[in-house]
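Engineer: Same order as they appear, the protein sequences are chains A and B. All residue numbers for the first sequence refer to my numbering, where the first residue is 7 and numbers rise by one. All residue numbers for the second sequence refer to my numbering, where the first residue is 7 and numbers rise by one.
Among the hints, erroneous ones may be present.
[Claimed, not checked] Below, a list of computed lysine to any residue pairs in the SDA-like style, where the Cα atoms sit at most 20 angstroms apart: (1) B:K10 x A:L124; (2) A:K61 x A:A139; (3) A:K407 x B:G159; (4) A:K390 x B:R36; (5) B:K390 x A:L286; (6) A:K10 x B:C56; (7) B:K409 x A:Q125; (8) B:K15 x A:C56; (9) B:K10 x A:P338; (10) A:K10 x B:H85; (11) B:K15 x A:G378; (12) B:K407 x A:L124; (13) B:K390 x A:P244; (14) B:K81 x A:L87; (15) A:K407 x B:D161; (16) B:K61 x A:F335; (17) B:K410 x A:G159; (18) B:K15 x A:E102; (19) A:K81 x B:K390; (20) A:K10 x B:K15; (21) B:K10 x A:K410; (22) B:K390 x A:D37; (23) B:K407 x A:G159; (24) B:K81 x A:E123; (25) B:K68 x B:E123; (26) A:K410 x B:S162; (27) B:K10 x A:F335; (28) B:K15 x A:M59.
Honestly, the hints are just simulated from the structure, not real lab data.
So you can see what is in the structure, the chains are spelled out below.
Number of protein chains: 2
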Amino acid sequence: MAQKPSIPKGTRDFTPAEMARRNYIFDTIRDVFHLFGFRQIETPAMENLCTLMGKYGEEGDKLLFKTLNSGDFLKGVDHSLIESGDCARLGARICEKGLRYDLTVPFARFVVMHRGELQFPFKRYQIQPVWRADRPQKGRYREFYQCDADVVGSDSLLNEVELLQLVDEVFRRLGVRITIKLNNRKILAGIAELAGAPDKIVDITVAIDKIDKIGLDKVKEELIERGLSSETVDIITPIITLSGSNAERLDSLASLLASSETGLKGIEELREVMTATEALGLNATLELDVSLARGLNYYTGTIIEVKARDVEIGSITGGGRYDNLTGVFGLPGVSGVGISFGADRIYDVLNTLDLYPAGIAEAVKVMFVNFGPAEAARSLAVIKQLRAAGISAEIYPDSAKMKKQMGRADTLAIPYVAIVGETELADGTISLKDMASGEQQRLTLSQLIDKLK
Amino acid sequence: MAQKPSIPKGTRDFTPAEMARRNYIFDTIRDVFHLFGFRQIETPAMENLCTLMGKYGEEGDKLLFKTLNSGDFLKGVDHSLIESGDCARLGARICEKGLRYDLTVPFARFVVMHRGELQFPFKRYQIQPVWRADRPQKGRYREFYQCDADVVGSDSLLNEVELLQLVDEVFRRLGVRITIKLNNRKILAGIAELAGAPDKIVDITVAIDKIDKIGLDKVKEELIERGLSSETVDIITPIITLSGSNAERLDSLASLLASSETGLKGIEELREVMTATEALGLNATLELDVSLARGLNYYTGTIIEVKARDVEIGSITGGGRYDNLTGVFGLPGVSGVGISFGADRIYDVLNTLDLYPAGIAEAVKVMFVNFGPAEAARSLAVIKQLRAAGISAEIYPDSAKMKKQMGRADTLAIPYVAIVGETELADGTISLKDMASGEQQRLTLSQLIDKLK
């Protein structure tokens, strides 16, 4: 029985035109990863649920896609559990596998399982889809790609400098103007110390983050609403209103946080990273932003966030330094720093700004018109020579009407159409039509190869 | 609490060295797909279960990985169904999605959903993992990649000729010597007609297939065991013992199947495909094999199977022509022909024969030794220039002991190590050590770039 097919909500098909654009982005990122000495790994789509559960908070656990056990999945399941209707517990009992939620936890698991074969510092990259049972909405999907690069097993801040260069190079190649915002978890800890409220890091940063939108007075109000005294707010105010160059901001910050050892350490780290990065030169704008607070439960040092300057969209890339990647799997002391490119948002940015190079969606360089068996046989022989020279080519498989055949070349934006008709068959030439200019030339095989190469 | 992590049975992690080898295979296949004008699509890992169920037979349904519905998956489920313990029916009720089992059904679904945007003939390729809850064993995984290329919307046999050229080119590039076996479903129908047993196609071909292993007499015995009369077996014997060149075999077959219109049509199709393919020239050996019977319930014309000549392993690539790709989704009349590369078996073949080019697993071209902040700063500036020239490079992130740093270069098979020490810092040179020869040279930056490019 015929059924009208559909795909699960929040997932997508990618047509050839979309794939060409996506591959352009992925290939650019991959090329730069290689240039910087990162090496690829892949992990299975399904992980054991015990690997995934409890790693993303209570909310995250709910967003995991679970895979039903094969065969008699109810076998041995306590009857009262089935009766209870407790879906969370029953789900965990009848599913032992789930789809990966991100690339970080699988990477941590990988490092632990393969630690004997790996050479530390280990620089890996991974480009694979992840799945989240989130409510689908514009720009948020249930299946999407992550592109992560991490260096683990090294505390050196040179790794941060390298990652910033890498980010800069990716977006330079893509033609996207960016601002890279930097912060350090230790500076945030220092601010909270200064405020006498070490547990209020998040509240403070959330409020500070709004200054551009709502202004200083409203931020102060919010800080008080969030439980800070007005004296504390006064102490923090100069930090919120830092201005000047990055060096000037770092200097002000150093005197404001002079009483916090942790804060000063954060400033020192950030200064080292920024100085080295600026010395090497950057296309991007580098900006110290004390309100930057991504991955607060995870990052312990540098925090990195990238914004597109010409499109209103959230962070398109982010990362940071962590102290303890693999402790949860029984291997303590593995520190590192990583960066994650948000492929789907970068795709949106490139679409908005129309930054794709011409010709990336080209199906083939040249299509041969099909006039019948004899002409087709000769065309195939020519096509074989073209392909041997690295030129992509095809023949229209049926000797359909000329209009239909040319229509294909038009629709697929194939730049050249080759014609081997009676005349060309007789003298061994090939007629080549440039579809953009409409110009047509009779060429020998070697002239054809030269022309198309 | 620390847990010792593992991955689901039948799945694999791929380390950088393995990824380099796998990417070499995938990139080779992809490059050839592009050269032939095939365009990539991707479909989601999860499909609606109703898209997948009933498409792979009863056994196939059992091998589908099902995704548990999010949230309260028992809501609205009849209590008696839960009580019944009928896992198949309950599974279908609490899971509406599942992981794709192959790339063909998702492709058919894709063609139906996107038919308005596609240009027919549509030449698509797709390289993605598929999942099957099969019992894992040597060479059989629960997650593995398929690499499919299909042309749909054209009955022309030129498509077969093109696909055979494509297969030949892929394995020529990989350096694998192959035999391409060809058959045609209509010839099999003709043989069954001749035997007066149209329903016994499968029995007949299964028996014929064993002739090399068990000899003619045993094959005859088996045919009789499978219910054919000895007269019928005598009629079939000349077909089983076909010999000579492909052209001679086709001629013999044509006289043997002279009474079957369908059989003759099959011979005619095969002759056309083989003649055109041989005229273009092939590295592979092309062989008519009337016992070839893959995809018998699916293919309606040409049947293709590829065997490696130097490794004992099953089919490493296969394909064929079908009449009705999308009928099950309500779009009749979409015919086509396709080929599927078995990436995991090809990987095994290349591993067995050690056919990988040197240097594919190279982490970077050159690693800079780290002697401390000043030397590292100069090194990073040099590295930036190298990368701008397309040369992959890295610095050891910590100023660790020389032995440890050199150990990394050794283990990762990095071909060159660059040294910027006190001397080089003073005169602006770089010392370069060739790790294979042990030779060391002092170079200027531009000499270094020339040397490494």
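Engineer: Against the earlier hints, flag every one the structure doesn't satisfy and list their numbers going up.
Structural biologist: Of the numbered hints given earlier, those the structure breaks are 10, 11, 13, 16, 19, 20, 21, 24 and 25, listed in rising order.
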